[in-house]
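**Student:** Below, each chain spelled out in residue letters.
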Amino acid sequence: MGLSKKDILDIESLSVEEIELILDTAESLKEISTRPIKKVPTLRGKTIVNFFYEPSTRTRTSFEIAAKRLSADTVGISASASSIVKGETLVDTARNLEAMNPDAIVIRHKSAGAAHMLAGLVDASVINSGDGMHAHPTQALLDMMTVREKKGRLSALRVAIIGDIAHSRVARSNTLGFGKMGANVILAGPPTMIPRGIEALGAPFTYHVAEAIKDADVIIMLRIQKERQGGYLFPSEREYAQCYGLTTERIAGAKEDVLIMHPGPINRGVEIAPDVADGPYSVILDQVANGVAVRMAILYLLLGGPR
Amino acid sequence: MGLSKKDILDIESLSVEEIELILDTAESLKEISTRPIKKVPTLRGKTIVNFFYEPSTRTRTSFEIAAKRLSADTVGISASASSIVKGETLVDTARNLEAMNPDAIVIRHKSAGAAHMLAGLVDASVINSGDGMHAHPTQALLDMMTVREKKGRLSALRVAIIGDIAHSRVARSNTLGFGKMGANVILAGPPTMIPRGIEALGAPFTYHVAEAIKDADVIIMLRIQKERQGGYLFPSEREYAQCYGLTTERIAGAKEDVLIMHPGPINRGVEIAPDVADGPYSVILDQVANGVAVRMAILYLLLGGPR
Amino acid sequence: MGLSKKDILDIESLSVEEIELILDTAESLKEISTRPIKKVPTLRGKTIVNFFYEPSTRTRTSFEIAAKRLSADTVGISASASSIVKGETLVDTARNLEAMNPDAIVIRHKSAGAAHMLAGLVDASVINSGDGMHAHPTQALLDMMTVREKKGRLSALRVAIIGDIAHSRVARSNTLGFGKMGANVILAGPPTMIPRGIEALGAPFTYHVAEAIKDADVIIMLRIQKERQGGYLFPSEREYAQCYGLTTERIAGAKEDVLIMHPGPINRGVEIAPDVADGPYSVILDQVANGVAVRMAILYLLLGGPR
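Protein chains in written order, with this note's numbering: chain Y, 1 to 307; chain C, 1 to 307; chain Z, 1 to 307.
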């Protein structure tokens, strides 16, 4: 069975069966990264464009490594070194890339909807690796993979997502993804970071971190995006840490075998205490390793078969 | 038959037979980019350095994809991340690159003559991908390939090149290239954009767009390079569009099966109206696709045989 | 015999036998770069991350070419396009990279000790390609390779290292390396550029260039790092050139078959006169070529065997 779609744009457009297929495939491909020769010829002769309008180390590197371990060729484009400085529109850039016959375009863009628009313009597979505050589906998939790997299931788990819900594509994609797979998601954050219309995400929310953490099987801390907010959403980092940061004391309210997750890069001492980030419940680095596996799975499922 | 030269520096130094060889080879290699496995082992073990002192998406990406589809290894160097910030001269950078035994160096540089100088310093093949206002031979070759593909010939076609002739390496290389292949080139642009000594290019010129377009088989619109001109060459973008921009009305004066071309990135609504850029006569995206094919042909012809 | 260590961090931690093994291996691998097909499959399926926090053309390119000629996959990360702008610590970046299972991480960083810290955090091999004013071991190894290639030996040669000793990781690594291999190193530079505690390097020093050059078999000129010093260590470039720059006249005091070396990029007319840099005694470009060979050797010795 393959994935009968061209693009991975968001969690909404993936069925439960498709998510399971991606996670199963990722699990079986994960082993490749631990071999002495970390490479299979599956995608030899495929061209993958990594198109990053926003700075990124981990996601870009993760996709590039995933592609290379499948023997695909990669071409990287970053906004600073590109025609974007010459004022070209995304539509024109997309059409131009398409004319070079890439098999997939991985795109990160500051505008919500950029990946969808691109997907409508090109025959290549488009993989959304973050569009504004909208979606980051591969992050949600690697988070679900990590939880399933550790807990054996996703259904009926209590998953608390804590922080700047309003500005987080990770929060949106995870709320939808874990919800779709039968988990019970609860959102928490300061009032300034809970968006209007949050009910549409289909998960309850609270302004009290302790309430969200209570009996949680999984806690996903969101990154405080200092570079985006200009500091007007909370008085200070110290105050944020006191009210919403994840500390050992706060974890005590959760289940005994709780998993602590974070999409990275972490702000130590702000949204997460160092001893928690590095502690026994943290699976933050498992998330990174599973990121490569999930991206290999997606590239394989989109490009690996006959089209 | 091979290409018995080390470098591709400009159109002047290519004979009619060499241009035909490059175009024929590009035509035969173009099919590779449409295969499921877009890769042949021809240049395995060759090292190609892409040395871009000026920002570029399409040309750099085109060369990188061309090299990888021939299985060459590519190394990219951009000015911002290089020794150039440390004040090294181009000569020293060139000699240093040479000592690492690259097979080809693709160079874009803001100074006319940079590629020629480099070619004189290194044993590697040098491919000029744009040097100041001087030359951009691979652009001219892909333009000629596109016209030949659509029209079946180059000779006796009327080719209008319109815009900032004075500052355009594309205009120079295309005027020389199409002229060499027997086409009748006519240049048009505002007086501030027609250089002194334009007669040396061997093509007539006019300040009236309609006159250039009349009975044209091919119209090549040049990009208004906002980032270079500081706006002093024409009063406003709107006025430029009114006087020199390509619109559906203006095209009516050309032949019925006219081809509309642009080297990209386009300024929609300035030198070209959106409905023209996306219209039935536009072959702008064919140019991009042929760009990969022409660059594959050049790399193959320069590096593919025994040296 | 292999190299029974995980990392290459500095010269101190390499034994005489290990240095000889690296140089012997580099000599035998050097020939690959002169073949028509410059590639062997030795490191196929290995992932090498080039992590450059400081701009670099030659070292980064040298490592990338070395890796590709051994068929390894490379992923480049530069500070400007990375999570560093998001404020992540080096420790967290390192752990995240590690989770993606790279086989080696090549790091350049402005802080002394960065490579050591990284090596302690990750299972991957770490190769220090320059950490602050501390060490640049691959530069010292390629310098030793170049001298051994030209002179047939390192022992009992007189090696003068001239310039900004205080701020030069190249000076430190070379003093220790040549000293370890039995050469007699002498250091020279202006008083402002000779560090306190220089005696610990185990080499005599002088403020008089002529004294250092006298009877030298090898002269290693250091780069004046304008971008680091703010100009307060010497009155002007002209004065530096007059007092400490290497000129044909000054070379006359050295042995007849003296070798002139420089790690590059050179400041022509400052620390070295153009006719000296390009003259018959200069082996500056041999250094660059040997740089690729030494890096191939290190990657091969660290990653090539069973681990």
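Read the hints as simulated data drawn from the structure, not as lab findings.
Some hints here could point you the wrong way.
Because identical chains cannot be distinguished in the list, a pair is counted as satisfied if it fits within a single copy or across any two copies.
[Stated by the list, open to error] Using 20 Å as the maximum straight-line C-alpha spacing, the simulated SDA-like pairs for lysine to any residue come out as follows:
1. Lys-30 - Arg-95
2. Lys-6 - Arg-35
3. Lys-110 - Cys-243
4. Lys-180 - Gly-202
5. Lys-6 - Met-117
6. Lys-110 - Glu-237
7. Lys-39 - Ser-71
8. Lys-110 - Glu-256
9. Lys-30 - Asn-101
10. Lys-39 - Gly-304
11. Lys-110 - Gly-132
12. Lys-30 - Arg-44
13. Lys-5 - Leu-157
14. Lys-6 - Pro-36
15. Lys-39 - Leu-3
16. Lys-30 - Gly-120
17. Lys-150 - Gly-113
18. Lys-6 - Gly-113
19. Lys-255 - Glu-149
20. Lys-255 - Ala-166
21. Lys-6 - Glu-199
22. Lys-255 - Asp-275
**Student:** Each of the hints needs a verdict: does it hold here or not?
**Tutor:** Against the structure, the hints come out as follows:
1. With identical chains, the CA atoms of Lys-30 and Arg-95 are at most 20 Å apart between copies only, with a shortest distance of 18 Å across copies and 34 Å within one.
2. In this assembly of identical chains, the alpha carbons of Lys-6 and Arg-35 lie at most 20 Å apart only when taken from different copies (18 Å versus 30 Å within one copy).
3. Taking the shortest alpha-carbon separations for Lys-110 and Cys-243, neither the intra-copy value of 29 Å nor the inter-copy value of 36 Å comes in at or below 20 Å.
4. Only within a single protomer do Lys-180 and Gly-202 lie at most 20 Å apart by alpha-carbon distance; the minimum there is 10 Å, versus 67 Å between protomers.
5. In this assembly of identical chains, the alpha carbons of Lys-6 and Met-117 lie at most 20 Å apart only when taken from the same copy (13 Å versus 43 Å across copies).
6. For a Cα distance limit of 20 Å, the shortest separation of Lys-110 from Glu-237 qualifies neither inside one copy, at 24 Å, nor across copies, at 28 Å.
7. In this homomeric assembly, Lys-39 and Ser-71 come within 20 Å of each other (Cα to Cα) both inside a single copy, at 7 Å, and across copies, at 11 Å.
8. Taking the closest pair of Cα atoms, Lys-110 and Glu-256 never come within 20 Å of each other, the shortest separation being 38 Å inside a single copy and 43 Å across copies.
9. Taking the shortest Cα distances, Lys-30 and Asn-101 sit within 20 Å of each other only across copies (11 Å), while inside one copy they are farther apart (28 Å).
10. Taking identical chains as interchangeable, the C-alpha atoms of Lys-39 and Gly-304 lie at most 20 Å apart whether they share a chain (15 Å) or sit on different chains (15 Å).
11. Within a single copy, Lys-110 and Gly-132 get their C-alpha atoms as close as 4 Å, which meets the 20 Å cut-off; across copies the closest is 32 Å, which misses it.
12. When the C-alpha separation of Lys-30 and Arg-44 is checked against a cutoff of 20 Å, the pair qualifies both within a copy, at 19 Å, and between copies, at 18 Å.
13. When the C-alpha separation of Lys-5 and Leu-157 is checked against a cutoff of 20 Å, the pair qualifies neither within a copy, at 29 Å, nor between copies, at 45 Å.
14. Only between protomers do Lys-6 and Pro-36 lie at most 20 Å apart by alpha-carbon distance; the minimum there is 15 Å, versus 32 Å within a single protomer.
15. Neither within a single protomer nor between protomers do Lys-39 and Leu-3 lie at most 20 Å apart by alpha-carbon distance, with minima of 22 Å and 25 Å respectively.
16. Taking the shortest Cα distances, Lys-30 and Gly-120 never come within 20 Å of each other, neither inside one copy (31 Å) nor across copies (25 Å).
17. For the identical chains of this complex, Lys-150 and Gly-113 are neighbours neither inside a copy (33 Å) nor across copies (36 Å), given an alpha-carbon limit of 20 Å.
18. Taking the shortest Cα distances, Lys-6 and Gly-113 sit within 20 Å of each other inside one copy (16 Å), while across copies they are farther apart (46 Å).
19. Proximity of Lys-255 to Glu-149 under the C-alpha cut-off of 20 Å is restricted to the intra-copy arrangement: shortest distance 17 Å within a copy versus 65 Å between copies.
20. Proximity of Lys-255 and Ala-166 under a CA criterion of 20 Å is satisfied in neither setting, with 26 Å inside one chain copy and 56 Å between copies.
21. Proximity of Lys-6 and Glu-199 under a CA criterion of 20 Å is satisfied in neither setting, with 30 Å inside one chain copy and 53 Å between copies.
22. Taking CA atoms no more than 20 Å apart as the test, Lys-255 paired with Asp-275 passes inside one copy only; the shortest distance there is 18 Å, against 61 Å between copies.
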